[in-house]
Amino acid sequence: MKIVVLESLAVEKQLFDDFCSVFQKDAHEIVVFQNRVEDPEILIERIGDADIAVLTNIPISRNILTSCKNLKMLAVAFTGFDHIDIESCDEFGITVSNAAGFSTSAVAELTIAMALDLLRNIIPMEGRLRNLLDRNAFLGGNLRGKTFGIIGTGLIGTEVSRLAAAFGCKLIGWSRSQKPEAIALGINYLSFKEVCQKSDILSIHLPLNDHTRNLFDASVFMQMKNDAILINTARGPIVDNAALADALKNGVIAGAALDVYEGEPPLQQDHIMLDAPNTILLPHIAYASKQAMNLRLEIVQENIAGFINGKPMRLVNHPGKPKK
3 MKIVVLESLA
13 VEKQLFDDFC
23 SVFQKDAHEI
33 VVFQNRVEDP
43 EILIERIGDA
53 DIAVLTNIPI
63 SRNILTSCKN
73 LKMLAVAFTG
83 FDHIDIESCD
93 EFGITVSNAA
103 GFSTSAVAEL
113 TIAMALDLLR
123 NIIPMEGRLR
133 NLLDRNAFLG
143 GNLRGKTFGI
153 IGTGLIGTEV
163 SRLAAAFGCK
173 LIGWSRSQKP
183 EAIALGINYL
193 SFKEVCQKSD
203 ILSIHLPLND
213 HTRNLFDASV
223 FMQMKNDAIL
233 INTARGPIVD
243 NAALADALKN
253 GVIAGAALDV
263 YEGEPPLQQD
273 HIMLDAPNTI
283 LLPHIAYASK
293 QAMNLRLEIV
303 QENIAGFING
313 KPMRLVNHPG
323 KPKK
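Heads up: the sequence shown begins at 3 in my numbering, then just goes up one per residue.
Don't read these hints as lab results, they were simulated from the structure. Any given hint could turn out to be false.
[Unchecked claim] Here are the simulated DSBU-like cross-link-like pairs (lysine-lysine), alpha carbons at most 30 Å apart as the crow flies:
| no. | residue 1 | residue 2 |
| --- | --- | --- |
| 1 | K172 | K195 |
| 2 | K200 | K181 |
| 3 | K200 | K227 |
[Unchecked claim] Quick list of the computed label-pair ranges, beta carbon to beta carbon:
| no. | residue 1 | residue 2 | range |
| --- | --- | --- | --- |
| 4 | K71 | L276 | 40 to 46 Å |
| 5 | I287 | D229 | 24 to 30 Å |
| 6 | K195 | K27 | 53 to 59 Å |
| 7 | V24 | N138 | 56 to 62 Å |
| 8 | K71 | Q36 | 24 to 30 Å |
| 9 | E47 | E128 | 45 to 51 Å |
| 10 | D92 | Q271 | 18 to 24 Å |
| 11 | I46 | N252 | 45 to 51 Å |
A quick note: this is a predicted structure, and the numbers were derived from the prediction, not measured. We treat Cβ as the ideally placed atom computed from N, Cα and C, and that holds for glycine.
Work the whole structure out from these sequences, hints included.
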């Protein structure tokens, strides 16, 4: 089979060479592009007659899928897959596997780091010191004793719960289904409204779909405590950022930490969140640790090998009969 890697997978050269050799020794062809592009025409050209394409969060539309007649698998080196036209993949018999779990620890740890940063005002205080100032009587807040609300208790939400419990937080959560692992950690499942109303820290860990898009809007912020903080390391469009900026400027909630936005950074110069107060804005780095990238490569290798051997793994779709 021909395998095309559409972008750098951010691992050391030796690890990537080992990944390639696994398939080359069985006479599979591998073509690698290190520079990421999203232009559909270039992507069609790059995929060409490949059987398998490896990518992270590059958008793959129906037009691309229609033009790549030989494509049989998309190996998504990412947890989310909302950038893939899944319905068309089902129709065309294209298997889609993701890398769920590769960044669980990385995202959860950054979530806790951002909560601590907002509570202790670390970035502004560091700035004061560099400007030869003192703390100006600033008092931060402890994480211990806070009510930590988890919206979505999948792998990442459950790991955030474990870390927050270790800090002595009270755990409450809302999810489509209650997870025994989360309950064992002490999480108390409530309604969505109750979690929003009672949380001191509200952390989002949901996929993006028609039900979650703009789920956090002005009405939700009005229900939250005025000293609460919101953390989003999931998907940008789950939060109405215009409403969030307004809530922050008017003291409806106390702060927010975002790692995701409507599109991938860099942001536009006039982005609504850039002048919102009491915020931490990061350029989508929650998943980006060395350990996570290495694990991701392992998972992608397993997914491709499983597909080639007729035992596909980590499927996120229901492909029909393969295209002839």
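Pair hint K172 and K195, alpha-carbon separation not exceeding 30 Å: 17 Å, holds
Beta-carbon spacing of V24 to N138 - inside the hinted bounds 56 to 62 Å or not: Because 57 Å falls inside the window, the suggested range holds.
Distance restraint between K200 and K227, which requires alpha-carbon spacing of 30 Å or less: 7 Å, holds
C-beta pair K195, K27: status relative to the range 53 to 59 Å that was hinted: 56 Å, holds
Cβ distance range 24 to 30 Å for K71 and Q36, holds or violated: Holds - the Cβ-Cβ distance for K71 and Q36, about 26 Å, lies within 24 to 30 Å.
Assessment of proposed distance window 24 to 30 Å (beta carbons of I287, D229): Holds: the Cβ-Cβ distance is about 27 Å, inside 24 to 30 Å.
Restraint check for K200 with K181, where alpha carbons must lie at most 30 Å apart: 20 Å, holds
E128 and E47 - C-beta distance against the hinted 45 to 51 Å: 47 Å, holds
Range hint compliance [Cβ, D92 to Q271, 18 to 24 Å]: 40 Å, violated
Hint check for N252 and I46 - Cβ pair distance inside 45 to 51 Å: 47 Å, holds
K71 paired with L276, Cβ distance criterion 40 to 46 Å: Distance hint for K71, L276 holds at roughly 44 Å.
Violation of the numbered hints given earlier is confined to hint 10; every other hint is satisfied by the structure.
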